[in-house]
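Here are the chains, one letter per residue:
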Amino acid sequence: MPGVEPVVDIRLTESPRELRRLGARVRAFAEGHALSAGATDALGLALEEVVTNVISYAFDDTGQTRHEIHVRLARDPGAVTVTVTDDGRPFDPTAVEIDRSASSLEEVEPGGWGIRLVRQLMNDVRYHRQDGRNYLELVLYTEEARRQ
Amino acid sequence: MNASEAAVQLRVLSAPEDDFTFVALNGRLDLEGTGEIDLQFTSRTVAQRKPTVVDLAGVVFLASIGMRMLVTAAKSLGRYGHRCVLLNPRENVRDALEMAGLGKILLIASTENDAFRMARGQ
Numbered sequence: 001m002p003g004v005e006p007v008v009d010i011r012l013t014e015s016p017r018e019l020r021r022l023g024a025r026v027r028a029f030a031e032g033h034a035l036s037a038g039a040t041d042a043l044g045l046a047l048e049e050v051v052t053n054v055i056s057y058a059f060d061d062t063g064q065t066r067h068e069i070h071v072r073l074a075r076d077p078g079a080v081t082v083t084v085t086d087d088g089r090p091f092d093p094t095a096v097e098i099d100r101s102a103s104s105l106e107e108v109e110p111g112g113w114g115i116r117l118v119r120q121l122m123n124d125v126r127y128h129r130q131d132g133r134n135y136l137e138l139v140l141y142t143e144e145a146r147r148q
Numbered sequence: 001m002n003a004s005e006a007a008v009q010l011r012v013l014s015a016p017e018d019d020f021t022f023v024a025l026n027g028r029l030d031l032e033g034t035g036e037i038d039l040q041f042t043s044r045t046v047a048q049r050k051p052t053v054v055d056l057a058g059v060v061f062l063a064s065i066g067m068r069m070l071v072t073a074a075k076s077l078g079r080y081g082h083r084c085v086l087l088n089p090r091e092n093v094r095d096a097l098e099m100a101g102l103g104k105i106l107l108i109a110s111t112e113n114d115a116f117r118m119a120r121g122q
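So the protein lines, in turn, are chains A and B.
In terms of my numbering, the first sequence is residues 1 to 148.
In terms of my numbering, the second sequence is residues 1 to 122.
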């Protein structure tokens, strides 16, 4: 699409306030690439969950060191690929076991819903650790890919 | 700032003398929004110890941190013998609840009549 950047880089600090800025950038990216409302919602929610996890749990030094979270949105034919990198403690969300046993309010315990959402919202989730950084790649197939 | 980025708000729609609690949430229940509203929401719902209906029609975005707030309130009210019913969530909010596995665990109603009937255990 002419005039629309195929790749967008967003750099965030570990402040919860950054999530609103991220959400606005994701919506602008989705609008620029004419993504469906469903794809836009899926990207927004998945990224909210991933970056919330990073902000909440990745860093041990409670604000003593400035950290940067890097989000890259890339539009390819048939897919959007999102890469989130951070220099926090190693964490592989693809290796987390999801407890699906609760069937009532009494049984359910809060936790794990964010990772479960990300796995359900995205078509592919991949993780690797390199040079002291976490790399999480989320792939969402867009409508034209599903039709092929 | 457009409507979808507005701060989260809580409106209390029931009167103190009512035998139920009725509140409405508006805005984004994301990390920031939930942090802003969590204590107020708990004091206006759980602390009242009454059957509770939470109107979610104005919630444009629900993240897992917001689900945690809703589930914690519902579980706490359950310990007092009261039900908490979510009223009229938008499609994206309902979808998120379903994907998190909470669609059949939380009580969800599409109309006020159904919500109050469910909250009273009828």
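Incorrect hints may appear among the rest.
[Unchecked claim] Reference excerpt, derived from the structure (chain B facing chain A, CB under 8 Å, subset only):
id, residue
1, L10
2, R11
3, R44
4, G78
5, G103
6, G121
[Claimed, not checked] What the simulated footprint calls covered on chain B by chain A, stretch by stretch (three residues with Cβ under 8 Å from a Cβ of chain A suffice, anywhere in the stretch; the number is not a length):
id, stretch
7, 27-36
8, 59-72
[To be verified] Restraint-style ranges between C-beta atoms, simulated for each label pair:
id, chain 1, residue 1, chain 2, residue 2, range
9, A, D9, B, R49, 47 to 55 Å
10, B, G58, A, S56, 22 to 30 Å
11, B, T111, A, P110, 24 to 32 Å
Since the hints were made in silico from the structure, they are not lab data.
The beta-carbon is built from N, C-alpha and C at its ideal position, and this holds for glycine as well.
Status of each hint after checking the structure:
1. L10: Result: violated, 19 Å to nearest chain A Cβ.
2. R11: With Cβ-Cβ at 22 Å, over 8 Å, it is violated.
3. R44: Violated - the Cβ of B/R44 stays beyond 8 Å from chain A, reaching only about 20 Å at its closest.
4. G78: Since the shortest Cβ distance to chain A is 6 Å, the answer is holds.
5. G103: violated (12 Å)
6. G121: violated (13 Å)
7. 27-36: As far as the stretch 27-36 of chain B goes, the hint holds, because 5 residues have Cβ atoms under 8 Å from chain A.
8. 59-72: With 8 residues closer than 8 Å to chain A, the stretch 59-72 of chain B meets the three-residue bar; holds.
9. A/D9 <-> B/R49: 47 to 55 Å: Taking Cβ atoms as reference, A/D9 and B/R49 lie about 50 Å apart, which means the hint holds.
10. B/G58 <-> A/S56: 22 to 30 Å: holds (26 Å)
11. B/T111 <-> A/P110: 24 to 32 Å: Holds, since B/T111 and A/P110 (Cβ atoms, about 28 Å apart) stay within the stated range.
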